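So the protein sequences, as listed, match chains L and X. For the first sequence, our numbering assigns the number 3 to the initial residue and increments by one for each residue that follows. For the second sequence, our numbering assigns the number 3 to the initial residue and increments by one for each residue that follows.
Relax, there's no trap hidden among the hints.
Pairwise CB distance ranges (calculated): (1) L:Leu-19 - X:Ala-486: 30 to 36 Å; (2) X:Ala-254 - L:Trp-22: 44 to 50 Å; (3) X:Asn-410 - L:Arg-75: 33 to 39 Å; (4) X:Lys-103 - L:His-74: 29 to 35 Å.
In short, the hints are calculated from the structure, not lab data. The model shown is predicted, which means the values in this text are computed figures rather than measured ones. Where is the CB? At the ideal position from N, CA and C, for every residue including glycine.
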Amino acid sequence: MTRTARWVALGGLAFALLGWQEAARLERWGWDGPGPGLVPQVLLVLIGLAALAVLAWPGDAAAEPEGGAAPHRNRTFLAYAGAMLGVALVLPHAGFILPMLVAVLLMLRLGEGARWSTAGLYAAGLTAGTVLLFGTLLGVPFPPGPVEHALSGLGLLRGG
Amino acid sequence: MMDGLLHGFAVLSTWQNLSLCLLGAVLGTVVGVLPGLGPATTIALLLPITLKLDPTGAIILLAGIYYGVAYGGTLTSVLMRIPGEASSVVTCLDGYEMARKGRAGAALGIAALGSFFAGTVGILGVMLLSPPLAELVIAFGPWEYAALMLAGLSLIAFFAASGLAKAALMALLGLLLGSVGIDPIAGTPRFTFGIPELVDGINITPLALGLFGLSELLFLALVPAAKSEILRPPASLLGFLPSREEARRSVAPVLRGTGLGFLVGLLPGGGAVLASFLSYAVEKRLARRPQEFGRGAVEGVAGPEAANNAGTAGAFIPLLTLGIPANAVTALLLGALLIHGVQPGPMILERQPEIYWGVIASMYLGNVLLLVLNLPLVGLFVRALEIPRRFMAAAILSICVIGVYSTNLASFDVLLAVGFGLLGFVLRRGGFDLGPLVLAYVLGPTFERSLRQGLLISDGDLTELLHRPIALGFIAAAVLTLLAAVLLRNRARVAD
Chain L
3 MTRTARWVAL GGLAFALLGW QEAARLERWG WDGPGPGLVP QVLLVLIGLA ALAVLAWPGD
63 AAAEPEGGAA PHRNRTFLAY AGAMLGVALV LPHAGFILPM LVAVLLMLRL GEGARWSTAG
123 LYAAGLTAGT VLLFGTLLGV PFPPGPVEHA LSGLGLLRGG
Chain X
3 MMDGLLHGFA VLSTWQNLSL CLLGAVLGTV VGVLPGLGPA TTIALLLPIT LKLDPTGAII
63 LLAGIYYGVA YGGTLTSVLM RIPGEASSVV TCLDGYEMAR KGRAGAALGI AALGSFFAGT
123 VGILGVMLLS PPLAELVIAF GPWEYAALML AGLSLIAFFA ASGLAKAALM ALLGLLLGSV
183 GIDPIAGTPR FTFGIPELVD GINITPLALG LFGLSELLFL ALVPAAKSEI LRPPASLLGF
243 LPSREEARRS VAPVLRGTGL GFLVGLLPGG GAVLASFLSY AVEKRLARRP QEFGRGAVEG
303 VAGPEAANNA GTAGAFIPLL TLGIPANAVT ALLLGALLIH GVQPGPMILE RQPEIYWGVI
363 ASMYLGNVLL LVLNLPLVGL FVRALEIPRR FMAAAILSIC VIGVYSTNLA SFDVLLAVGF
423 GLLGFVLRRG GFDLGPLVLA YVLGPTFERS LRQGLLISDG DLTELLHRPI ALGFIAAAVL
483 TLLAAVLLRN RARVAD
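Excised from the complex, chain L in its bound form:
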């Protein structure tokens, strides 16, 4: 059994315990029949048991893909994960275009070691292409932000 699988199983146990605190507040059986807590409570008990079962019978180690570079020491992984998280956190405040420009720039420059010019050109091209194809042509709504607001004023985006 790999270390990651063991951590997942222990995480499952912890999740079952924490989830129980929330599920225990829900009514298991009401005056008219099964309540909203019945299924979640049963599921959490079963999750705890299944997590213990994984620890006891870990399965076929050969089928586990763990290996390769350690994520926390891998520059590309950290850049990709950071870009993903950054975009998700900034999106509600700055819209799609600005965070995506910066994220792509950092993914290419820091994660892949591309030159600033290549990274900048690709970030601009990709973001512009996404906006034109999905926003302008197909009318897909974009999260509001300063650039989106300006583009919607020009009629290139819906809303903004």
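Got chain L; can you put chain X on it based on the hints?
Chain X alone, transformed into the frame defined by chain L:
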């Protein structure tokens, strides 16, 4: 019936209707490539366009989009491991692995041909079997649905590549994620932790795109650039097509997938999703080389894709003949029909035959158009695999973010998708299969709602099940499936 079909083709044969069918198929394929924008969202987005059309033209356009989006979802599943919709999740498992081995063209070709065959047979089924099958659907009560969902959940045993315990843990997690949000019967919020965005539950789009698409991005990052190269597909046009061996291995899965998909697609509650998972499980069970599943088995693409499309056709039966939508997409189509003054139901054939037969004829034509459009373009689509990782990864992130956001216009969904991406990465790294999680997430809400409705109706008396032969049959099937999986696993272990 032939008169009716000829009438349908006559309705379709105007330039306007033919153009609308073509436009729908093309538009559907283009938009279907954007993950998250599944058929339901696409139809919702494009519904206002149809308001200017006559009812027949509007429904023809929407039916074309419906089929086109399904194929677009297959493209991203095979080429990028991003499921376009929930029923394409299974295609990711082997389709993407085939692409990595230089067989993306074959996977897309098999998917297109299998989908065409299944779609055509499904439409024949709609024509021939609508009235009796509609009655069968009515015979399903809460207990039958709960038992059917249980039988569907038992399929996880066949997805358990790295152990039953791990698959069970994933399925239970999927069921729990499906229970987040307002309780369907009492209206009580569950596991929302005071976050208003969770009140409506967790949407399938952030879940599937995060677990499959974004986690793949993180996996790609860990592989050294030299090793992350995907085998180049053959340069010749014929090289993009399935080989004779691949075609031979796909025939039986397509036939089985078509039958299964059509029957399961009739039923409300994620019919096409269950059909594709069911087909995958059946093919894995029957395959001569089950060890190839998950590593690029062509049967793992052919069967589920056929099942998915036959299920799509099957879903039209309760919609047209009973006015009952089988899923979110047919619910939107029902809305579109009602907006245009069409009342689906048993009388539609007598009152508005041009609508019924026009839709049937447009389904035929839409299928043909998709095949004609997409087979020659397979070579072009496959070129996407030649894009270097650094450029592809950024494009995947960009498409995933806008796809997730546009489903519900919720920034919180993007955060959820990233969370699921990280979770999917950890789970895959630990050797946990993600298929059971998604299957359980999709089937869980219907299972819980049906079970609780059944218990409410019977006053908590489980013996009511004994008077329900269909439900008992499904429960027996679930038990047999689990037993068979355990026995086969033990036999394989002994043989090893």
